[in-house]
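Colleague: Same order as they appear, the protein sequences are chains C and D.
Letter by letter, the first sequence follows residues 1 to 409 of the numbering used here.
Letter by letter, the second sequence follows residues 1 to 409 of the numbering used here.
Source of the hints: derived by calculation from the structure; they are not laboratory data.
A couple of the hints might just be wrong.
The list cannot tell twin chains apart, which means a pair is met if one copy fits it or any two copies do.
[Stated by the list, open to error] Simulated pairs of lysine-lysine, BS3-like, Cα-Cα distance not exceeding 27 angstroms:
#1 K287 x K352
#2 K59 x K383
#3 K294 x K332
#4 K88 x K108
#5 K292 x K332
#6 K213 x K332
#7 K332 x K217
#8 K213 x K292
#9 K287 x K217
#10 K352 x K88
#11 K332 x K59
#12 K271 x K347
#13 K292 x K59
#14 K88 x K383
#15 K133 x K30
#16 K3 x K205
There are 2 protein chains.
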Amino acid sequence: MDKINGGVTAPKGFQAAGLRAGIKEGSTDKKDMAMIYSEAPCVAAGTFTTNQVKAAPVKWDMHIVDSSNAVHAVICNSGVANACTGQKGMQYCENMAEVTADTLNIEKKQILVASTGVIGAQLPMDKITEGIKMLSSNLNADLSGGHDAALAIMTTDTVPKEIAYSFKIGDHTVRIGGMCKGSGMIHPNMCTMLGFVMTDVNISKELLTEALKEDIKDTFNMVSVDGDTSTNDTVLLLANGMAENPKITEKNEDYYEFVKALHAVNEFLCKKIAGDGEGATALFEVKVIGAKSKEQAAVLAKSVVTSSLTKAAIYGHDANWGRILCALGYSKAEFNPDLVDIYFESKAGRLKIVENGMAADYSEERATEILSEDEVTAVCDMKMGECSATAWGCDLTHEYVSINADYRS
Amino acid sequence: MDKINGGVTAPKGFQAAGLRAGIKEGSTDKKDMAMIYSEAPCVAAGTFTTNQVKAAPVKWDMHIVDSSNAVHAVICNSGVANACTGQKGMQYCENMAEVTADTLNIEKKQILVASTGVIGAQLPMDKITEGIKMLSSNLNADLSGGHDAALAIMTTDTVPKEIAYSFKIGDHTVRIGGMCKGSGMIHPNMCTMLGFVMTDVNISKELLTEALKEDIKDTFNMVSVDGDTSTNDTVLLLANGMAENPKITEKNEDYYEFVKALHAVNEFLCKKIAGDGEGATALFEVKVIGAKSKEQAAVLAKSVVTSSLTKAAIYGHDANWGRILCALGYSKAEFNPDLVDIYFESKAGRLKIVENGMAADYSEERATEILSEDEVTAVCDMKMGECSATAWGCDLTHEYVSINADYRS
Numbered sequence: 001m002d003k004i005n006g007g008v009t010a011p012k013g014f015q016a017a018g019l020r021a022g023i024k025e026g027s028t029d030k031k032d033m034a035m036i037y038s039e040a041p042c043v044a045a046g047t048f049t050t051n052q053v054k055a056a057p058v059k060w061d062m063h064i065v066d067s068s069n070a071v072h073a074v075i076c077n078s079g080v081a082n083a084c085t086g087q088k089g090m091q092y093c094e095n096m097a098e099v100t101a102d103t104l105n106i107e108k109k110q111i112l113v114a115s116t117g118v119i120g121a122q123l124p125m126d127k128i129t130e131g132i133k134m135l136s137s138n139l140n141a142d143l144s145g146g147h148d149a150a151l152a153i154m155t156t157d158t159v160p161k162e163i164a165y166s167f168k169i170g171d172h173t174v175r176i177g178g179m180c181k182g183s184g185m186i187h188p189n190m191c192t193m194l195g196f197v198m199t200d201v202n203i204s205k206e207l208l209t210e211a212l213k214e215d216i217k218d219t220f221n222m223v224s225v226d227g228d229t230s231t232n233d234t235v236l237l238l239a240n241g242m243a244e245n246p247k248i249t250e251k252n253e254d255y256y257e258f259v260k261a262l263h264a265v266n267e268f269l270c271k272k273i274a275g276d277g278e279g280a281t282a283l284f285e286v287k288v289i290g291a292k293s294k295e296q297a298a299v300l301a302k303s304v305v306t307s308s309l310t311k312a313a314i315y316g317h318d319a320n321w322g323r324i325l326c327a328l329g330y331s332k333a334e335f336n337p338d339l340v341d342i343y344f345e346s347k348a349g350r351l352k353i354v355e356n357g358m359a360a361d362y363s364e365e366r367a368t369e370i371l372s373e374d375e376v377t378a379v380c381d382m383k384m385g386e387c388s389a390t391a392w393g394c395d396l397t398h399e400y401v402s403i404n405a406d407y408r409s
Numbered sequence: 001m002d003k004i005n006g007g008v009t010a011p012k013g014f015q016a017a018g019l020r021a022g023i024k025e026g027s028t029d030k031k032d033m034a035m036i037y038s039e040a041p042c043v044a045a046g047t048f049t050t051n052q053v054k055a056a057p058v059k060w061d062m063h064i065v066d067s068s069n070a071v072h073a074v075i076c077n078s079g080v081a082n083a084c085t086g087q088k089g090m091q092y093c094e095n096m097a098e099v100t101a102d103t104l105n106i107e108k109k110q111i112l113v114a115s116t117g118v119i120g121a122q123l124p125m126d127k128i129t130e131g132i133k134m135l136s137s138n139l140n141a142d143l144s145g146g147h148d149a150a151l152a153i154m155t156t157d158t159v160p161k162e163i164a165y166s167f168k169i170g171d172h173t174v175r176i177g178g179m180c181k182g183s184g185m186i187h188p189n190m191c192t193m194l195g196f197v198m199t200d201v202n203i204s205k206e207l208l209t210e211a212l213k214e215d216i217k218d219t220f221n222m223v224s225v226d227g228d229t230s231t232n233d234t235v236l237l238l239a240n241g242m243a244e245n246p247k248i249t250e251k252n253e254d255y256y257e258f259v260k261a262l263h264a265v266n267e268f269l270c271k272k273i274a275g276d277g278e279g280a281t282a283l284f285e286v287k288v289i290g291a292k293s294k295e296q297a298a299v300l301a302k303s304v305v306t307s308s309l310t311k312a313a314i315y316g317h318d319a320n321w322g323r324i325l326c327a328l329g330y331s332k333a334e335f336n337p338d339l340v341d342i343y344f345e346s347k348a349g350r351l352k353i354v355e356n357g358m359a360a361d362y363s364e365e366r367a368t369e370i371l372s373e374d375e376v377t378a379v380c381d382m383k384m385g386e387c388s389a390t391a392w393g394c395d396l397t398h399e400y401v402s403i404n405a406d407y408r409s
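So here's chain C without its partners, still in its complex pose:
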């Protein structure tokens, strides 16, 4: 498996475009619409927010992913989330698919829709329609097409997030590329994590769906910037088969080769989202090892990575192990506090902070040195079993509060 350049247009047969349609208020230059198109029809898999308040495009995509075996395109806008917009919002979402289908000369049930931005506002359909037409004439199979799309889905993200890998299935080279946006909320009504992963692998819908469902547990579901699960969260995985590998229809070697590449793409995107979380100065990774089960490890890791007190301590480069032990303790996962060891890790080194639930003999200065890097890891060894899990988040900063306390005026 090799890392290659580009993002969603790296796989064979995918084109993309991103441009400004004028949906984002204020900013005069920010792109706000993206389109991804596959020459060949795709089997599609998706995972969506568990929030009971679901945005219109989430409801639309859940239906399309479920019912269609020939998805051709994804149309996405940033600036308005089309969430809490009632029947009218649902109609507008369908209109987005219709206009996209007309311009691309395909059917609306072959179109997936995604929106991110202000909750409660209706989409400016005139701008959306105009944007879709411009996008279709700007579709581009080069890396630049994918890059423009990655720029167009950004909200408070400070950097575009895209990645691609290639791997071999027999003599066939298979490619997989993805892009995503983080939970940006600089405009106090914005929320959403969107992920789009395209691949030219030839695979059955059943296995594509299972591969995504399984990998999400270890990647996107292990990310938390502020514990607020949005109304729009969506991850879409499209496979158009143009790599022409023998179709993957069972969990053979080929399947696991693909899963490995899918995981590499998802993990990269997740770490990018966490490290670029609102106001973040550092990526905070929590590794729980020695757990009784993978589920237990995941619950413990997420409890620590979402602890406001721990996140604030990471911002302060403070080896505040008491808060980590405290967060493990209220996670509801059962363990023996008197067994726990805790380490801090970063480029600057590794240090044992806690041994058997009590302070280890360590230097605060050395700990602060390790915690001053822009990627820090807390390793919690439960010493109860062989299972592990990793969660990604970021520190809690003054900037986070500033971003989210701002008036919408």
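With the hints as your guide, set chain D onto chain C.
Modeller: Same frame as chain C, now just chain D:
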């Protein structure tokens, strides 16, 4: 039922003291030890942290409350939490009880112990021992005794928190008074909510325990400053019977009179804790009405009151209803988003923000006016039933981050 002056020494037969033993580092004047003593033996009830990581005094008190029917005193220190301190910490906790028992000439199993402060550090037993001796000779039945105790348990609290009520049972005047401290963490390892409620009511241990267990659900368990459940949380309720009312042994009128007073004390203390949360500029109250069950209402209210995004918006005086609807949505409690109405309330007035899950026609200026008070309430009407619940929290501020990011050096 009448509000009366004072706190834990308002009920008959209770004495208290608070002073500086030198446990809190740096500060030269902060009191850090408190003692409460009852002339007559008390029946005691207690509720304790659900965190699996339990401080030594929590383990001690759980045992005493369970096994003793003649509790005489509470000894408390701030500055060191005696949490994550292993066997030695457990021994020190027992020593605190022993020294207190000796100086008061009672038995150690009649003593309840509470600590709050740095996690992982051992108690300075020389200072503790000296402090206990001073406290015993300073015990005072006047309001000042209770007030000194309320001051001595403070950490980052900006104000002491005490309250007292009296009510009648037949011709007998019964008094109940309490004090508490909030979850202070200015020293980055500190955490704890401590509550002490004393009453001279004559009641059986069974009913005292049930009264506390039931009321906690609507009061202390509905408070959240930052979602981090500490290792030391403790609420103790002692009744010495000196009001000489006919002993309450069944759920009669007298019992419910007492429960009413207990609730008044607990609710007051909870609102004080929330409004005085770390860095808080406002008390944020969330009322969920029209829910199917009380349990559902409580889950929904707590989800909103703990949402970082909502708390930051409250800090910004921003009517950010999308975040409230979002927090209701990920609470796991089932409801119909298309029915929800949301109002903001404060001294400045009341405004409907959301109607049937969508933006109501309201003025942002008016909303900001209402949200600019130091006590603001969000009312969420689920329109699904008759049940309701209220949760208390505070806004998320720059000061909260500053407090909790500080180096411990």
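Colleague: If a hint holds in the structure, say so; if it does not, say that too.
Modeller: Hints versus structure:
For a Cα distance limit of 27 angstroms, the shortest separation of K287 from K352 inside one copy, 14 angstroms, qualifies, whereas the shortest one across copies, 45 angstroms, does not. In this homomeric assembly, K59 and K383 come within 27 angstroms of each other (Cα to Cα) only across copies, at 23 angstroms, whereas the closest approach inside a single copy is 43 angstroms. For the homomeric pair K294 and K332, the shortest alpha-carbon distances inside one copy (14 angstroms) and between copies (22 angstroms) are both at most 27 angstroms. Taking the shortest Cα distances, K88 and K108 sit within 27 angstroms of each other inside one copy (18 angstroms), while across copies they are farther apart (70 angstroms).
Taking identical chains as interchangeable, the C-alpha atoms of K292 and K332 lie at most 27 angstroms apart whether they share a chain (14 angstroms) or sit on different chains (26 angstroms). With identical chains, the CA atoms of K213 and K332 are at most 27 angstroms apart both within one copy (24 angstroms) and between copies (21 angstroms). Taking the shortest alpha-carbon separations for K332 and K217, both the intra-copy value of 19 angstroms and the inter-copy value of 18 angstroms come in at or below 27 angstroms. In this assembly of identical chains, the alpha carbons of K213 and K292 lie at most 27 angstroms apart only when taken from the same copy (22 angstroms versus 33 angstroms across copies).
In this assembly of identical chains, K287 and K217 lie within 27 angstroms of each other by CA distance solely inside one copy; the values are 15 angstroms within and 34 angstroms between copies. Taking the closest pair of Cα atoms, K352 and K88 come within 27 angstroms of each other only across two copies (21 angstroms); inside a single copy the shortest separation is 56 angstroms, beyond that limit. Taking the closest pair of Cα atoms, K332 and K59 come within 27 angstroms of each other only across two copies (18 angstroms); inside a single copy the shortest separation is 32 angstroms, beyond that limit. Taking CA atoms no more than 27 angstroms apart as the test, K271 paired with K347 passes inside one copy only; the shortest distance there is 16 angstroms, against 45 angstroms between copies.
For the homomeric pair K292 and K59, the shortest alpha-carbon distance between copies (25 angstroms) is at most 27 angstroms, but the shortest distance inside one copy (37 angstroms) is not. Taking identical chains as interchangeable, the C-alpha atoms of K88 and K383 lie at most 27 angstroms apart only when they sit on different chains, with a minimum of 22 angstroms there against 54 angstroms within one chain. For the homomeric pair K133 and K30, the shortest alpha-carbon distance inside one copy (18 angstroms) is at most 27 angstroms, but the shortest distance between copies (69 angstroms) is not. For the identical chains of this complex, K3 and K205 are intra-copy neighbours only, at 25 angstroms inside a copy versus 68 angstroms across copies, given an alpha-carbon limit of 27 angstroms.
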